[in-house]
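Chains as they are written, first to last, in the working numbering: chain V, 1 to 150; chain D, 1 to 181.
Everything labelled a hint here was simulated from the structure, so no lab data went into it. Accuracy of the hints is not assured; some may be wrong.
[To be verified] Listed below are the simulated SDA-like cross-link pairs for lysine to any residue, each with C-alpha atoms no more than 20 Å apart in a straight line: (1) V:K64 <-> D:S83; (2) V:K69 <-> D:M74; (3) V:K33 <-> D:D38; (4) V:K33 <-> D:A43; (5) D:K141 <-> D:V105; (6) V:K69 <-> D:S82; (7) D:K42 <-> V:T31; (8) D:K22 <-> V:I70; (9) V:K65 <-> D:D88; (10) D:K181 <-> V:V80; (11) D:K181 <-> V:T82; (12) V:K69 <-> D:K181; (13) D:K96 <-> D:A60; (14) V:K33 <-> D:V105; (15) V:K65 <-> D:K42; (16) D:K167 <-> V:F22; (17) D:K167 <-> D:D86; (18) V:K65 <-> D:D86; (19) D:K42 <-> V:Q134; (20) V:K69 <-> D:N80; (21) D:K141 <-> V:D84; (22) D:K141 <-> V:E79; (23) D:K22 <-> V:T94; (24) V:K69 <-> D:K89; (25) V:K57 <-> D:K21; (26) V:K69 <-> D:T150; (27) D:K21 <-> V:T85; (28) D:K181 <-> V:T78; (29) V:K64 <-> D:D77; (30) D:K22 <-> V:D84; (31) V:K33 <-> D:D155.
[Unchecked claim] Beyond 12 Å from chain V on every Cβ pair, some chain D residues (computed): (32) S36; (33) I64; (34) K66; (35) S82; (36) W84; (37) G140; (38) T150; (39) D155; (40) I163.
Quantities reported herein were computed from a predicted structural model and do not represent experimental measurements. Note that beta-carbon positions come from the ideal geometry of N, C-alpha and C, so glycine has one too.
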Amino acid sequence: MSNNRKKLKSIILAGIIIAVAFAGGIWYVFTQKFTDTTKEKADYTINAFDLINEFKKNDSLANKKYAEKIITVTGLVTEVETADTTVNIKMADTTSGSYAIFAFQQQNLTEAKAIKEGDKVSIKGSCSGGAYSQILETEFITFKRCALTK
Amino acid sequence: MKKTILILALALSSATMFAQKKITTSGVINFNATTSLDPLPKADNKTVVAALDTKTGAIAFEVIMKSFSFANPMMQDHFNSSSWLDTDKFPTSTFKGNITNFSTVNLKKDGTYPADVRGDLTIHGVTKSVTTKGTIVVSGKIIAANAAFTVQVADYGITGQAIDAGKVTKEPKITVAIEFK
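Input sequences plus hints: build the corresponding full structure.
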């Protein structure tokens with residue numbers, strides 16, 4: 001009888017531990033946020049011109065290589081696009097019009113606002129991939145969660 | 001002489017065509033599929049390419065689907081996965097349509113004008129006709145186009161257990177905010 005009670009207690013305890021661990025796992029997954037990009041290690045470092053050319057040559061291959069990867073891109077700012085809540089920095093190949101555009105993460109919007117056209121900057125962000133724009137008739141590559149590298 | 005006139009005419013014609021098309025590469029689209037069971041499936045896309053023909057009211061936009069930025073990494077993975085939007089296979093979504101009452105919008109006068117929008121929305125490789133009401137806000141040289149509408153995910157071939165379980169709404173709200181300068 002005593003052995004049975006001990007066994008029952010152990011089973012209940014194990015059940016509670018499993019339930020708490022499961023709930024903890026679920027809570028962790030559902031409350032998890034993306035790491036601040038400034039603290040992420042870049043998978044690739046490349047200049048804007050080379051990146052744009054790689055997408056122009058073969059965007060399927062380039063998407064496989066770069067999409068959802070953290071990339072540091074260096075280049076000249078050709079345009080700063082501001083709207084109510086957004087500041088996007090653009091680096092374009094002025095010959096073809098193809099471009100890479102960087103949407104900054106919330107905590108780095110202030111530094112993005114200080115960037116001027118013609119500045120040479122290095123920006124780290126999550127590459128969302130590129131595509132040929134039917135509207136612009138050029139290749140465009142987009143980034144999210146961006147920050148200036150120091 | 002004739003050649004010079006022809007070149008001038010062509011130059012003027014292309015200048016006029018260029019002037020009547022406003023373009024931005026920083027439009028914003030918000031996607032909200034949250035339910036009372038799950039507040040996570042919502043995202044912003046801040047790098048939307050959009051064009052407005054200020055002569056005809058033709059309006060178009062296109063997005064790279066992986067540009068939708070979620071707060072939660074797991075939700076972003078689900079959104080892009082082959083069982084949902086399958087963004088490797090269908091990397092972009094597009095809208096091509098018209099503001100059907102564009103003749104009532106006075107782009108030379110500041111104000112907020114109601115806009116009836118009709119066009120074809122392509123998501124997940126499926127094209128459906130949509131109609132919605134929005135607004136055009138004219139402020140100096142800036143034209144802001146705003147609209148909010150819902151889509152039936154099933155219409156675009158998007159199904160799944162999370163939708164059946166009520167964790168993702170069957171009718172996500174799509175909010176479009178595009179500023180043409």
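How the hints compare with the structure:
1. V:K64 <-> D:S83: With Cα atoms ~19 Å apart, K64 (chain V) and S83 (chain D) stay inside 20 Å; holds.
2. V:K69 <-> D:M74: holds (15 Å)
3. V:K33 <-> D:D38: holds (15 Å)
4. V:K33 <-> D:A43: With a Cα-Cα distance of about 13 Å, the restraint between K33 (chain V) and A43 (chain D) holds, given a limit of 20 Å.
5. D:K141 <-> D:V105: holds (14 Å)
6. V:K69 <-> D:S82: Between K69 (chain V) and S82 (chain D) the Cα gap is close to 18 Å, so the pair holds against 20 Å.
7. D:K42 <-> V:T31: Distance ~14 Å between K42 (chain D) and T31 (chain V) Cα, so the pair holds.
8. D:K22 <-> V:I70: violated (32 Å)
9. V:K65 <-> D:D88: holds (12 Å)
10. D:K181 <-> V:V80: Within the cut-off at roughly 13 Å; holds.
11. D:K181 <-> V:T82: holds (10 Å)
12. V:K69 <-> D:K181: violated (32 Å)
13. D:K96 <-> D:A60: Holds, because 4 Å separates the two Cα atoms, which is no more than 20 Å.
14. V:K33 <-> D:V105: violated (43 Å)
15. V:K65 <-> D:K42: Answer violated: K65 (chain V) to K42 (chain D) is near 26 Å, above 20 Å.
16. D:K167 <-> V:F22: Holds, at about 19 Å.
17. D:K167 <-> D:D86: holds (19 Å)
18. V:K65 <-> D:D86: holds (17 Å)
19. D:K42 <-> V:Q134: violated (27 Å)
20. V:K69 <-> D:N80: Since the Cα atoms of K69 (chain V) and N80 (chain D) sit roughly 14 Å apart, the hinted pair holds (cutoff 20 Å).
21. D:K141 <-> V:D84: holds (15 Å)
22. D:K141 <-> V:E79: holds (18 Å)
23. D:K22 <-> V:T94: holds (19 Å)
24. V:K69 <-> D:K89: Judged against 20 Å, a Cα distance of about 18 Å means the pair holds.
25. V:K57 <-> D:K21: With a Cα-Cα distance of about 28 Å, the restraint between K57 (chain V) and K21 (chain D) is violated, given a limit of 20 Å.
26. V:K69 <-> D:T150: Roughly 31 Å between the alpha carbons, so the hint for K69 (chain V) and T150 (chain D) is violated.
27. D:K21 <-> V:T85: Answer violated: K21 (chain D) to T85 (chain V) is near 24 Å, above 20 Å.
28. D:K181 <-> V:T78: Roughly 16 Å separates the two Cα atoms, so the pair holds.
29. V:K64 <-> D:D77: Distance of about 15 Å is within 20 Å: holds.
30. D:K22 <-> V:D84: Distance ~18 Å between K22 (chain D) and D84 (chain V) Cα, so the pair holds.
31. V:K33 <-> D:D155: Answer violated: K33 (chain V) to D155 (chain D) is near 31 Å, above 20 Å.
32. S36: Fine: 15 Å to the nearest Cβ keeps S36 (chain D) off the interface.
33. I64: violated (5 Å)
34. K66: violated (4 Å)
35. S82: Answer for S82 (chain D): holds, closest chain V Cβ roughly 14 Å.
36. W84: W84 (chain D) is indeed farther than 12 Å from all Cβ atoms of chain V, at 15 Å.
37. G140: Correct as stated: the minimum Cβ-Cβ distance to chain V is 15 Å, above 12 Å.
38. T150: holds (22 Å)
39. D155: Non-interface label stands for D155 (chain D): nearest chain V Cβ at 22 Å, farther than 12 Å.
40. I163: holds (18 Å)
Of the numbered hints listed earlier, those contradicted by the structure are 8, 12, 14, 15, 19, 25, 26, 27, 31, 33, 34.
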